[in-house]
Amino acid sequence: MTTESGGGGLRPISRSAATEIAQQLKVLADPARLQLLAVLIDHEDGEASAGELAASVALSPSTVSHHLGVLHRARMVEKERRGTEIHYRPSHDALARYARLVETGSPGPAQGLIRVDAVLGRVADQLAARFSGIFSPETVERYVVESYQLLAGRARITRYLPSLTSSFAAERLTALAQAQGIVVKGVPEVLFVCVQNSGRSQLAAAVLKFIAGARAHVRTAGSAPARALNPELVTVLDEIGVPLGAEFPKPLTDDVVRAADYVITMGCGDACPVYPGRRYLDWAIDDPAGRPMEEIRRIRDDVVSRVEGLVAEVVPAGASSGATRR
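Number 281 in the numbering used here belongs to position 281 of the sequence shown; there are no gaps in the numbering.
I should point out that these hints are in silico values taken from the structure, not numbers from a laboratory. Think of the CB as a built atom: it goes at the ideal place given N, C-alpha and C, for glycine as much as any other residue. You may find that some hints are simply not true.
To be verified - Listed below are the simulated SDA-like cross-link pairs for lysine to any residue, each with C-alpha atoms no more than 25 angstroms apart in a straight line:
#1 Lys79 x Ala129
#2 Lys185 x Asp42
#3 Lys79 x Leu120
#4 Lys185 x Ala152
#5 Lys185 x Arg291
#6 Lys26 x Arg73
#7 Lys79 x Ala246
#8 Lys209 x Asp255
#9 Lys209 x Leu59
#10 Lys79 x Gly69
#11 Lys209 x Trp283
#12 Lys79 x Ala152
#13 Lys79 x Ala118
#14 Lys209 x Arg306
#15 Lys79 x Asp286
#16 Lys209 x Asp286
#17 Lys79 x Ser56
#18 Lys185 x Gly133
#19 Lys209 x Ile86
#20 Lys79 x Gly245
#21 Lys209 x Arg82
#22 Lys79 x Asp42
#23 Lys185 x Lys209
#24 Lys185 x Val315
#25 Lys209 x Glu294
#26 Lys185 x Tyr275
#27 Lys79 x His43
#28 Lys185 x Ser132
Stated by the list, open to error - Estimated spans, in silico, between C-beta atoms of each pair:
#29 Ala129 x Val184: 18 to 24 angstroms
#30 Pro31 x Thr139: 44 to 50 angstroms
#31 Gly51 x Ile134: 28 to 34 angstroms
#32 Leu281 x Ala29: 43 to 49 angstroms
#33 Met293 x Ile182: 40 to 46 angstroms
#34 Pro137 x Gly69: 22 to 28 angstroms
#35 Ala18 x Ala246: 20 to 26 angstroms
Whole structure, please, built from the sequences with the hints as guidance.
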């Protein structure tokens with residue numbers, strides 16, 4: 001697997017990225033796991049409960065639970081507990097890497113549009129109930145459709161977007177409510193912005209979440225979002241015990257800027273609107289894309305140092321983090 005370099009030659013993918021993909025392919029060599037991932041990717045809601053998955057592949061719940069655990073540890077599925085049930089969805093990387101491998105059919109254009117409209121309608125209904133008394137159903141529906149279009153267009157993600165649209169729309173609606181003073185901000189809001197939202201901003205956000213815990217709320221965005229996260233991020237963050245979480249490149253929108261107390265840009269300051277009452281910082285940090293691991297580690301350490309300084313300014317003295325640094 002190779003990519004063209006700027007000079008017209010061929011450059012192999014990095015060793016760490018190749019290792020991660022090889023490990024994931026080893027996980028998918030088990031037919032049951034391949035089936036489970038295929039069901040999740042092809043599911044009209046973009047997610048399913050463990051019980052639904054067990055019924056779909058005709059395996060016992062305990063066996064399905066084991067396989068889902070393996071997929072989760074390989075970062076191919078994400079999970080969320082809702083009451084007594086655990087729901088699973090394919091990770092962004094799994095969608096980007098393996099959707100074509102496991103797809104069961106290609107609907108025609110009309111069928112595709114009908115499916116998207118139906119799923120977005122369900123997403124809008126769910127979020128309308130969640131934001132009841134804050135926004136009208138019409139506003140929620142507009143944000144869901146707009147979020148879908150932003151991810152499909154500016155982020156250049158074109159397949160299986162409904163599974164990502166719900167979280168992006170919910171984040172934007174929450175930011176809008178905060179910016180309008182409808183929802184009171186309990187902790188400082190920090191927004192990290194870089195060009196692709198696949199490297200520097202994600203590094204900084206992961207480190208701040210880990211250090212500050214519940215003492216700050218963190219968002220990220222990109223002025224020109226990439227197709228997927230830089231795979232080396234997982235490696236360099238794992239080396240210092242920091243989880244990346246269920247993140248994906250997201251477009252920069254006005255509502256998340258308005259909701260922020262601190263806006264930290266990294267190479268894209270001109271793309272970020274300026275509003276009074278926010279603290280704007282510009283960090284001159286090298287882009288890790290295409291760099292060897294030694295340089296990415298140097299960039300990581302630079303980010304960690306800057307975030308530690310930011311925490312001293314952002315986080316109220318004596319506040320409990322809810323997280324323990326390693």
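Straight-line alpha-carbon gap Lys209 to Glu294, limit 25 angstroms: Given that 25 angstroms is the threshold and the Cα spacing comes to 24 angstroms, the pair holds.
Pair hint Lys79 and Asp42, alpha-carbon separation not exceeding 25 angstroms: At roughly 17 angstroms apart (the allowed maximum being 25 angstroms), Asp42 and Lys79 satisfy the hint.
Agreement of Lys79 and Asp286 with the hint, judged by alpha carbon distance not exceeding 25 angstroms: 33 angstroms, violated
Proposed proximity, Gly133 with Lys185 (alpha carbon, max 25 angstroms): The hint holds at about 17 angstroms.
Lys185 paired with Arg291 [C-alpha distance capped at 25 angstroms]: 38 angstroms, violated
Consistency of beta-carbon spacing, Thr139 to Pro31, with hint 44 to 50 angstroms: Because 45 angstroms falls inside the window, the suggested range holds.
Given hint Ala152 paired with Lys185 - CA-CA distance at most 25 angstroms: 30 angstroms, violated
Holds or violated: Lys79 to Ser56, with C-alpha atoms at most 25 angstroms apart: This hinted pair holds, its Cα atoms lying about 18 angstroms apart.
Whether the CB-CB distance between Met293 and Ile182 falls inside 40 to 46 angstroms: At roughly 45 angstroms between Cβ atoms, Ile182 and Met293 fall inside 40 to 46 angstroms, so the hint holds.
Pair hint outcome, Lys209 versus Asp255 [Cα-Cα no greater than 25 angstroms]: 21 angstroms, holds
Pair hint Lys79 and Ala152, alpha-carbon separation not exceeding 25 angstroms: 23 angstroms, holds
Pairwise hint evaluation, Lys209 against Lys185, where the allowed Cα distance is 25 angstroms at most: Judged against 25 angstroms, a Cα distance of about 17 angstroms means the pair holds.
In the structure shown, a violation is registered for the earlier hints numbered 2, 4, 5, 9, 15 and 34, in ascending order.
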